[in-house]
Every structure is written in C-alpha cells, then in structure tokens.
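**Q** These are the residues of each chain, in order.
There are 2 protein chains.
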Amino acid sequence: MELESFLNERKKMIDQALEKLTPPENTFPPTIHKAIRYSLLNGGKRIRPILTLTVNELVGGNYKSIIPFACGIEVIHTYSLIHDDLPVMDNSDFRRGKASSHKVFGEATALLAGDGLLTLAFQIMTDPTLCQSHNPLSILKSVNLIAQAAGLQGMIGGQTVDIETQGKKFALPLLEYIHTHKTGALIVAAVRAGAILGESTEEELDALTEYGKKVGLAFQIIDDILDVESSEKILGKETGMDSAQGKATYPQIFGLQESRERAETLVEKAEQTLGLFDHSRAKTLKRIARHICERIQ
Amino acid sequence: MELESFLNERKKMIDQALEKLTPPENTFPPTIHKAIRYSLLNGGKRIRPILTLTVNELVGGNYKSIIPFACGIEVIHTYSLIHDDLPVMDNSDFRRGKASSHKVFGEATALLAGDGLLTLAFQIMTDPTLCQSHNPLSILKSVNLIAQAAGLQGMIGGQTVDIETQGKKFALPLLEYIHTHKTGALIVAAVRAGAILGESTEEELDALTEYGKKVGLAFQIIDDILDVESSEKILGKETGMDSAQGKATYPQIFGLQESRERAETLVEKAEQTLGLFDHSRAKTLKRIARHICERIQ
Numbered sequence: 086m087e088l089e090s091f092l093n094e095r096k097k098m099i100d101q102a103l104e105k106l107t108p109p110e111n112t113f114p115p116t117i118h119k120a121i122r123y124s125l126l127n128g129g130k131r132i133r134p135i136l137t138l139t140v141n142e143l144v145g146g147n148y149k150s151i152i153p154f155a156c157g158i159e160v161i162h163t164y165s166l167i168h169d170d171l172p173v174m175d176n177s178d179f180r181r182g183k184a185s186s187h188k189v190f191g192e193a194t195a196l197l198a199g200d201g202l203l204t205l206a207f208q209i210m211t212d213p214t215l216c217q218s219h220n221p222l223s224i225l226k227s228v229n230l231i232a233q234a235a236g237l238q239g240m241i242g243g244q245t246v247d248i249e250t251q252g253k254k255f256a257l258p259l260l261e262y263i264h265t266h267k268t269g270a271l272i273v274a275a276v277r278a279g280a281i282l283g284e285s286t287e288e289e290l291d292a293l294t295e296y297g298k299k300v301g302l303a304f305q306i307i308d309d310i311l312d313v314e315s316s317e318k319i320l321g322k323e324t325g326m327d328s329a330q331g332k333a334t335y336p337q338i339f340g341l342q343e344s345r346e347r348a349e350t351l352v353e354k355a356e357q358t359l360g361l362f363d364h365s366r367a368k369t370l371k372r373i374a375r376h377i378c379e380r381i382q
Numbered sequence: 086m087e088l089e090s091f092l093n094e095r096k097k098m099i100d101q102a103l104e105k106l107t108p109p110e111n112t113f114p115p116t117i118h119k120a121i122r123y124s125l126l127n128g129g130k131r132i133r134p135i136l137t138l139t140v141n142e143l144v145g146g147n148y149k150s151i152i153p154f155a156c157g158i159e160v161i162h163t164y165s166l167i168h169d170d171l172p173v174m175d176n177s178d179f180r181r182g183k184a185s186s187h188k189v190f191g192e193a194t195a196l197l198a199g200d201g202l203l204t205l206a207f208q209i210m211t212d213p214t215l216c217q218s219h220n221p222l223s224i225l226k227s228v229n230l231i232a233q234a235a236g237l238q239g240m241i242g243g244q245t246v247d248i249e250t251q252g253k254k255f256a257l258p259l260l261e262y263i264h265t266h267k268t269g270a271l272i273v274a275a276v277r278a279g280a281i282l283g284e285s286t287e288e289e290l291d292a293l294t295e296y297g298k299k300v301g302l303a304f305q306i307i308d309d310i311l312d313v314e315s316s317e318k319i320l321g322k323e324t325g326m327d328s329a330q331g332k333a334t335y336p337q338i339f340g341l342q343e344s345r346e347r348a349e350t351l352v353e354k355a356e357q358t359l360g361l362f363d364h365s366r367a368k369t370l371k372r373i374a375r376h377i378c379e380r381i382q
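Protein chains in written order, with this note's numbering: chain A, 86 to 382; chain B, 86 to 382.
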C-alpha cells in the first residue's frame with residue numbers, strides 16, 4: 086500500500102475512535118463539549134497515534150486493540166496545543182487553519198477544555214475493560230511512561246523552558262533540551278507504548294526508543310523550518326511566530342540549509358535503528374520517518 | 086486516639102509522601118519546581134487523602150501501601166486550586182493564607198504548574214511497582230474512577246457550570262450539580278478508591294459511596310457558609326468572594342441557618358450509611374464526617 090493511503094486509513098481509524106471516546110454530549114456542559122470536539126476532531130495529522138499503532142504491529146501486536154492508548158496520546162497532544170495557544174503562553178490566534186480555542190470559546194473555556202482533555206486521556210487509557218485484551222502490568226507501564234513524557238520531566242518541562250527563554254540568547258544544549266522535551270518526549274512515548282503493549286523484547290524496545298528520539302527531533306526541526314519557510318495558508322497557523330517571539334529554533338543557530346541536512350541525517354539514523362527488524366516488516370515505519378522530514382505542512 | 090491527633094498524624098504522613106513523590110529539583114526547570122512545591126506543600130488539610138486511607142483501613146486494607154493513590158488525589162486537588170485561582174477563572178489572590186500561585190510566579194508558570202501536577206498525579210498512581218502490593222486490575226479501576234471524577238463529567242464539569250452561572254439566577258438543581266461535581270466527585274472518588282484498593286465487598290463499596298456523597302456535599306455547604314461567616318485571617322483566603330462574584334451558594338438559597346442544618350443532616354445520614362460496619366471500626370470515619378461539619382476553617 087502506498088504510504089499516503091496507509092496514513093489516511095489509520096488517520097480515519099483514529100478520528101473515528103476519538104469521536105467514540107469523547108463522552109456523550111448530555112453528560113457534561115455543552116460549552117465545553119463543543120470546545121473539546123472543536124480541537125480534538127479538527128483534521129490533525131495523527132502522527133503520534135499512527136506511530137503507536139505501526140510500532141505495535143511491527144512487534145507483533147494486534148494494533149486495533151491498542152487504539153484507546155494511541156488516542157490517549159493524541160488527546161494529550163491536543164490539550165497541550167490548546168494551552169500553548171493561550172495568551173499567557175504563546176498567544177497564537179490560529180491552529181490547524183482555524184481560530185484557536187480561546188479565540189472561539191474564551192480563555193476560561195479553553196483552559197477547562199485543556200484540563201478536561203488531559204484528564205480524559207488518562208480516563209481512556211485506564212479503562213479496566215482494556216485488561217481483557219492486555220496484560221494489566223503492560224497497561225500500567227505504558228500509561229506511566231506516557232504520563233512521565235507529558236509531565237514535568239517531559240513536555241511541560243520543555244514548554245516551561247521554551248517560554249522562559251523567549252527573546253533571550255540561547256546555545257544548542259538549551260535548544261535541544263526544549264525540542265527533546267517539548268515535542269520529542271511524547272513522540273518517544275508514543276513509540277514505546279506501542280512496543281510495550283505489543284509485548285516487544287527489550288532489544289526491540291531499545292531500538293524503537295532510539296528511532297522515536299531521532300524522529301521526534303527531526304519532526305521539531307522541520308517544524309522550525311516550516312515556521313520560516315511555509316505560508317500561513319499551507320500551515321494552518323501563523324508563520325514567522327518563532328522569530329517574532331524570539332524563540333529558540335534550529336534555523337536560528339544553523340540556518341535553513343544545515344537545519345534541513347540535520348533533520349535528514351536524523352531520519353537516516355532512525356531508519357538504521359530499525360536494522361534488527363526484517364526490512365519488509367519495518368518499511369512502513371521507515372517511510373513514516375522519511376515522510377515526517379518531507380512534509381510541507 | 087483523639088481525632089485531632091489522628092488527623093495530624095495522617096496529615097504528616099501525606100505531607101512527607103508528597104515531598105518524596107515530587108520529582109527531584111534537578112530533573113525539571115527550577116521555576117516550575119518552586120511553583121509546584123509552593124502549592125503542594127502548603128499546609129493543606131489533606132481531607133481527601135485522609136478519607137482514602139481511613140476507608141482503606143476500615144475495609145481491611147494495608148493503608149500505608151495506598152499512600153501513593155491518596156497523594157495522587159491530593160495532587161489533583163492542588164492543581165485544581167491553582168487553575169481555579171487564575172484571573173480567567175475565579176481570579177483569587179489568596180489561597181491557604183498565602184498569595185496564590187499566579188500572584189507569585191506569574192500566570193504562565195501557574196498554568197504550567199497546574200498542568201504538571203495533574204499529569205504528575207497520574208504518573209504517581211500508575212507506577213508499575215505498585216503492582217507488587219496491589220492487584221493491577223484494582224489499580225486500574227481506582228485510577229480510572231479518579232480520572233472520571235476529576236474530568237469532564239466530574240470536577241471540570243462542575244467548575245465550568247460554576248463559572249458560567251456567575252451573576253445569573255440559579256435554582257437548587259443547578260447549585261446541586263455544581264456542588265456534587267466541583268467538590269463532591271473527587272471526595273467520592275477518594276472514598277471509593279480507598280475501598281477498591283482495600284478489596285472491599287460490593288456492599289461495603291455502595292455504603293461508602295453514599296457516605297462519600299453526603300460528606301462531599303456537606304463539605305461544600307460548609308465552605309459556602311464559611312465564605313460568608315469567617316474572616317480572611319482564619320480562612321486564609323479572601324471571604325465574601327462568592328457573593329461578590331454572584332456565585333451559586335447554599336446560603337443564598339436557604340440562608341445561613343438552614344444551610345447549616347442541611348449540612349448537619351447530611352453528616353447524620355453519612356454516619357448512618359456506615360451501619361454495616363462495627364461501630365468501633367467505623368467510628369473514625371464517622372468522626373471525620375462530623376469534623377468536616379464543625380470546622381471553622
């Protein structure tokens with residue numbers, strides 16, 4: 086199957102599951118229900134959950150059975166976008182081609198929608214019926230590593246330093262801290278959870294973790310590049326924001342050309358880490374790594 | 086043991102555990118580390134975790150082994166206070182006798198500290214090593230019900246309606262929705278988690294759930310009364326805020342006297358729901374219910 090159709094099919098699967106996993110309208114206040122659906126069912130690329138499913142299949146798991154975990158990761162990602170866009174944070178008015186949550190629903194609802202989504206993610210991933218198809222210990226391990234990745238020592242740590250260093254001078258180690266924590270950690274967790282829930286070997290888990298680290302960093306470098314190169318129309322959010330806000334980015338340190346080369350090198354290395362798998366089985370994951378580097382949005 | 090010494094001893098136990106469960110300083114940015122410790126280790130009464138431990142002991146559990154779950158609930162409670170105090174929400178400048186988080190650290194850090202605590206709570210409660218002392222299915226059930234109680238259909242739903250009805254006319258059903266969701270849900274979850282982790286019978290769980298509902302509502306009615314009656318000095322936060330913000334409260338509908346009577350009736354009923362337990366074993370839980378109603382802060 087062509088990669089594009091593969092990604093579209095998986096994206097559809099995730100979209101449908103997210104729709105089903107959102108609690109019904111009459112069970113909580115309508116404003117926040119609207120706000121949650123607005124951000125959650127809004128044409129995201131679903132890269133993180135697709136990675137989870139693909140890794141799971143690679144290590145021999147029944148990938149359909151782990152859709153709730155894949156969705157949990159996407160729900161966490163969505164909450165982080167809503168909170169990041171708030172005026173006290175990045176103050177972004179657009180997201181995925183539409184007005185950001187607080188522009189439509191107000192700041193209080195956007196804040197609560199984010200809190201609600203973060204909590205919902207853990208509700209989805211700890212559903213006791215998941216024990217029917219999964220080892221409870223593997224479930225706990227996965228949810229725990231996802232919480233770590235999303236938390237103080239992961240995504241939130243990265244976002245904190247990102248906000249704190251705006252407009253300041255920065256060196257590469259700081260930029261790497263931001264990128265590996267703000268974006269990388271959850272991508273690595275998406276990969277690792279897929280492996281653990283598929284009962285992978287330790288060796289497979291180690292290789293896939295390395296793959297996740299490299300893909301995660303490449304993903305963020307490309308994001309930095311797109312913020313400079315792409316247009317608002319293609320990207321669906323304001324561009325040039327990083328530079329306007331004095332944010333730490335790869336192009337600022339290395340320029341566009343070297344940044345792109347670095348991302349490409351990371352993708353090659355990511356592909357190499359999959360050497361212990363049959364090429365025929367690992368090729369989708371390799372193609373996803375390349376796709377991330379070639380995306381124009 | 087006198088109730089006061091019992092509560093102090095348990096509070097100390099919780100405080101020490103919270104200190105230990107906060108990730109070490111050098112593992113995430115110092116600003117947010119300070120903000121988290123500021124709100125988390127700040128003299129809270131620890132009513133929710135104490136309920137969890139006491140219920141667990143009552144149904145025959147080894148209460149010391151469930152301290153991480155009890156702490157997880159307190160961490161969720163703490164995040165909710167930080168976010169509720171933000172200017173876009175209740176805009177409260179004081180909490181527990183000190184300046185609220187955003188007044189000290191700024192809104193961005195307060196927002197991130199809240200997000201970080203909510204995530205940390207789930208990280209703590211899904212620690213895979215907890216399987217050494219607990220049935221993994223009971224762990225998942227407990228974490229799941231806590232997530233539900235803290236989420237859209239629980240605490241966040243209640244907070245949303247609370248914010249939305251400020252300054253508007255309201256009737257008793259709406260007020261009850263706010264109280265049972267905003268405060269009640271997490272208190273019920275604290276009680277239920279203690280029972281489930283102690284492998285209680287269904288009958289015990291049902292009775293304790295009823296106890297939790299009644300104590301939770303009584304707790305919030307008393308909070309409403311204290312906002313009218315108490316002084317800022319005793320309460321450690323601004324008083325008269327409910328009325329100033331046009332909030333839905335019990336005293337507004339029933340007046341102070343009837344509100345207090347209703348809280349007392351709820352406490353009596355809470356005590357009665359514990360009828361299936363030996364009085365000698367259940368008396369601490371009964372006393373806690375009464376204590377909640379008699380507190381002056």
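None of these hints come from the bench; they were simulated from the model.
A few of these clues could be false.
In this list, chains with the same sequence are indistinguishable; a pair is considered to hold if it fits within one copy or across any two.
No farther apart than 27 Å at their CA atoms in a straight line, the calculated lysine-lysine pairs in the DSS-like style are these [claimed, not checked]:
no., residue 1, residue 2
1, Lys253, Lys105
2, Lys119, Lys254
3, Lys253, Lys119
4, Lys119, Lys332
5, Lys105, Lys226
6, Lys149, Lys254
7, Lys254, Lys368
8, Lys253, Lys149
9, Lys188, Lys130
10, Lys332, Lys96
11, Lys371, Lys253
Since the model is a prediction, treat every value here as computed from it, not as a measurement.
**Q** Compare the structure with each hint and give your call.
**A** Here is how each hint holds up against the structure:
Proximity of lysine 253 to lysine 105 under the C-alpha cut-off of 27 Å is found in neither arrangement, the shortest distances being 44 Å within a copy and 34 Å between copies. In the homo-oligomer, the alpha carbons of lysine 119 and lysine 254 lie at most 27 Å apart only across protomers (24 Å), although the nearest pairing inside one protomer, at 40 Å, exceeds that limit. For a Cα distance limit of 27 Å, the shortest separation of lysine 253 from lysine 119 across copies, 22 Å, qualifies, whereas the shortest one inside one copy, 38 Å, does not. Taking the shortest Cα distances, lysine 119 and lysine 332 sit within 27 Å of each other only across copies (24 Å), while inside one copy they are farther apart (32 Å).
In this assembly of identical chains, lysine 105 and lysine 226 lie within 27 Å of each other by CA distance both inside one copy and across copies; the values are 25 Å within and 21 Å between. For the homomeric pair lysine 149 and lysine 254, neither the shortest alpha-carbon distance inside one copy (46 Å) nor that between copies (48 Å) is at most 27 Å. When the C-alpha separation of lysine 254 and lysine 368 is checked against a cutoff of 27 Å, the pair qualifies neither within a copy, at 41 Å, nor between copies, at 62 Å. In the homo-oligomer, the alpha carbons of lysine 253 and lysine 149 never lie at most 27 Å apart, since the shortest distance is 46 Å inside one protomer and 47 Å across protomers.
When the C-alpha separation of lysine 188 and lysine 130 is checked against a cutoff of 27 Å, the pair qualifies only within one copy, where the shortest distance is 22 Å, while the shortest distance between copies is 38 Å. With identical chains, the CA atoms of lysine 332 and lysine 96 are never at most 27 Å apart, being 31 Å at best within one copy and 43 Å at best between copies. For the identical chains of this complex, lysine 371 and lysine 253 are neighbours neither inside a copy (37 Å) nor across copies (57 Å), given an alpha-carbon limit of 27 Å.
In the structure shown, a violation is registered for the earlier hints numbered 1, 6, 7, 8, 10, 11, in ascending order.
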